[in-house]
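2 protein chains.
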Amino acid sequence: MIKPHGAETLTPLYVSDDAERAGLIKEAEQLPSITVSSGAAASAVMLASGYFTPLTGYMNISEAISVANDMKLLNGLFWPVPIMNIVSEDQLTNEVRSADRIALLDPNVEGNPVIAVMDLSAIETISSAQINHIIEKTFGTTDSEHPGVPAFSDVGDNVLSGPIQVLNYSYFPEDFPDTFRTAVEIRADIAERGWEKVVAFQTRNPMHRAHEELCKIAQKEVNADGVLIHMLLGKLKPGDIPAAVRDAAIRAMVQHYFPENTVSITGYGFDMLYAGPREALLHAVFRQNCGASHFIVGRDHAGAGDYYGPFDAQEIFDEISEDALEIEIFKGNWTMWCKKCNEIVMMGDCPHGQDDYFTISGTKQREILAAGEPLPPEIARPEVAEILMEYYQSVA
Amino acid sequence: MIKPHGAETLTPLYVSDDAERAGLIKEAEQLPSITVSSGAAASAVMLASGYFTPLTGYMNISEAISVANDMKLLNGLFWPVPIMNIVSEDQLTNEVRSADRIALLDPNVEGNPVIAVMDLSAIETISSAQINHIIEKTFGTTDSEHPGVPAFSDVGDNVLSGPIQVLNYSYFPEDFPDTFRTAVEIRADIAERGWEKVVAFQTRNPMHRAHEELCKIAQKEVNADGVLIHMLLGKLKPGDIPAAVRDAAIRAMVQHYFPENTVSITGYGFDMLYAGPREALLHAVFRQNCGASHFIVGRDHAGAGDYYGPFDAQEIFDEISEDALEIEIFKGNWTMWCKKCNEIVMMGDCPHGQDDYFTISGTKQREILAAGEPLPPEIARPEVAEILMEYYQSVA
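Protein sequence lines correspond, in order, to chains A and B. Each residue of the first sequence is one higher than the last, beginning at 1 in my numbering. Each residue of the second sequence is one higher than the last, beginning at 1 in my numbering.
Heads up, a few of these hints could be off.
When chains are identical, the list treats them as one kind, so a pair holds in a single copy or across two.
Derived pair list, reagent style DSS-like, types lysine-lysine, alpha-carbon separation capped at 25 Å [unchecked claim]:
no., residue 1, residue 2
1, 364, 237
2, 197, 235
3, 220, 197
4, 137, 220
5, 339, 364
6, 220, 339
7, 3, 72
8, 235, 339
Hints are computed from structural coordinates only; laboratory data are not their basis.
With the hints as extra help, turn the sequences into a complete structure.
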């Protein structure tokens, strides 16, 4: 199987030894604590799960700038997105300021339980020039309207760096018992299935026929033994379909339209950054960590609005050095129903054009579903459409 | 580009120098002559076209037996099917018996013009044990009902062997000016198109949606720059669709359903042998010679009736030594319309089964077409169905 990124084996930061974890939980009760941002908590879950191997914790400013500028950790290893724990002045008590070890509290779980214990290597103040530089490099914009930028720009100016030990996976195991999986678990599952080549598909949406076909095309093109549908279970943009509905829709699609034992449906606990090309790279890193040999990067991968060109997230893979990643990329184009071909096609794979494609805007789709009408079969499988219809009617 | 079989460059036996060819035509007028079998004439066209590189002419009995037994020429090179010129006692005049060089007359062109001049290395009498052994090894049967066996068993018992110089391509250039191409021409065309990977598809039938999809799947799986649709223009079984109708139907399909400049439609002048696995190997040899990097071998390739198992023609490629061929095989399964998926699928690529597949027997298809009704869109593209309908109505 493909090796983890920059390591021989995964280095999950979850403390799996029960006694050791119990000891840490006890210790944490006595430690100064701080409620971290949702983004920092999500990073803790990714670090805990092995997805962010070989990172050991949160970056300091110089490492974050190195990553922003050169996509390299200070040790030279490829890494595309700064993983930071930034807090505001208000949150930073004197106890925390003077501590070596602190408890990180989870903002996403009621009662804010401890999610991790941190060795506080440094507390640095980041200048607005520095954070804007990091944001500009990471997102290609500092526009505060960008849906991912506020997670960096609006959380404060104190950078807490240092290694962490993670005590739980936040709300993900409880909210998504069938779907949330760590990189360690996915690797083990892939090994057990005996899959050699695995193509991973990132999704934060239910899968329509176009996505089904994109996965099937990619599977064929890379001769994959299996497809890893790997969905984001964290925070989305307002209006996005809730993870549970999406999960059900995806499971219906796989059950009805993929051969048995060719698809693994899993999810990971992270918030969308909408960082386009840089996020596509991060997505590739953690798919390599969970054992996928290939990763599908479609049009406008991890994009939002018009911030990125449709193929920026593909082209960046040609710009990084060849040894940056072991995982290979499958570059997808738009897939959609072609009225002349009478089937789903990938743009460029048939002689027809825009005028021959059958598409319905997301807004229109929501209207159709909210009205209790099924989506046309050119767009969605009936089993998928029904699940979405139920949801939209319930919120209409 | 992939190298020709057992040679650095193609060795077409067509005499391309006009003066030299004129001289040979003149010489042939004085030579003892013999009208060869349709199969031997077809072999001359294949030898002329470079498809049978590096052969220099017809095999003698010991070489034919070596090929039948071990799939090897006497020099050790891989070759799967004996290429022989067998004639009957009646045809063998005393002049031919005593000649060093003879003229071979074409049975398939009116007036039986000279097709080749042959250096007569040997005239051997083949015993019925020998020819039956060759037939058994080549066809897996000696059944005279087998549609390919008579071309070996019913042509006589005199084996004429030796190198040939070929003067024309028989009736193929005149009957199929847009489609008949030599291996030399196809190689040049592939080079001009700049295609590196080319997947070749053998057909003797019009292409239905299932065949279209098989080509598209293969193209994706091997990441081919182009598809070479390479059709047999020679003799078929009675009842098969005439080559001209098939040609028109295939061109309509490509025009309407493949992106521009991704398909080359060509044909070669050879008769079907219906030799199943051995013929699949021969098909692969001459696709390598025309510059294809990959060759599609579907179910029951080059088969007839129940003489071969559905995957025999694929499995034989696993049995030959690894260095026998440079061309790679794409192993296809059945493709057909799945009523549940609402699209063409390759068997095994969806979770549904036989009961969910939409198929119509060839007999039923002919009835539908002869009645002037279109084939259902699940079976054929409307542009293809119309061409076939016109033909079947014209012969009904």
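Here is how each hint holds up against the structure:
Taking identical chains as interchangeable, the C-alpha atoms of residue 364 and residue 237 lie at most 25 Å apart only when both belong to the same chain, with a minimum of 18 Å there against 55 Å between chains. For a Cα distance limit of 25 Å, the shortest separation of residue 197 from residue 235 qualifies neither inside one copy, at 30 Å, nor across copies, at 44 Å. Proximity of residue 220 to residue 197 under the C-alpha cut-off of 25 Å is found in both arrangements, the shortest distances being 11 Å within a copy and 16 Å between copies. When the C-alpha separation of residue 137 and residue 220 is checked against a cutoff of 25 Å, the pair qualifies neither within a copy, at 35 Å, nor between copies, at 36 Å.
Proximity of residue 339 to residue 364 under the C-alpha cut-off of 25 Å is restricted to the intra-copy arrangement: shortest distance 19 Å within a copy versus 28 Å between copies. Taking identical chains as interchangeable, the C-alpha atoms of residue 220 and residue 339 lie at most 25 Å apart whether they share a chain (23 Å) or sit on different chains (21 Å). With identical chains, the CA atoms of residue 3 and residue 72 are at most 25 Å apart within one copy only, with a shortest distance of 19 Å there and 44 Å across copies. Taking identical chains as interchangeable, the C-alpha atoms of residue 235 and residue 339 are never at most 25 Å apart, the minima being 36 Å within one chain and 38 Å between chains.
Hint violations for this structure: numbers 2, 4 and 8, all remaining hints satisfied.
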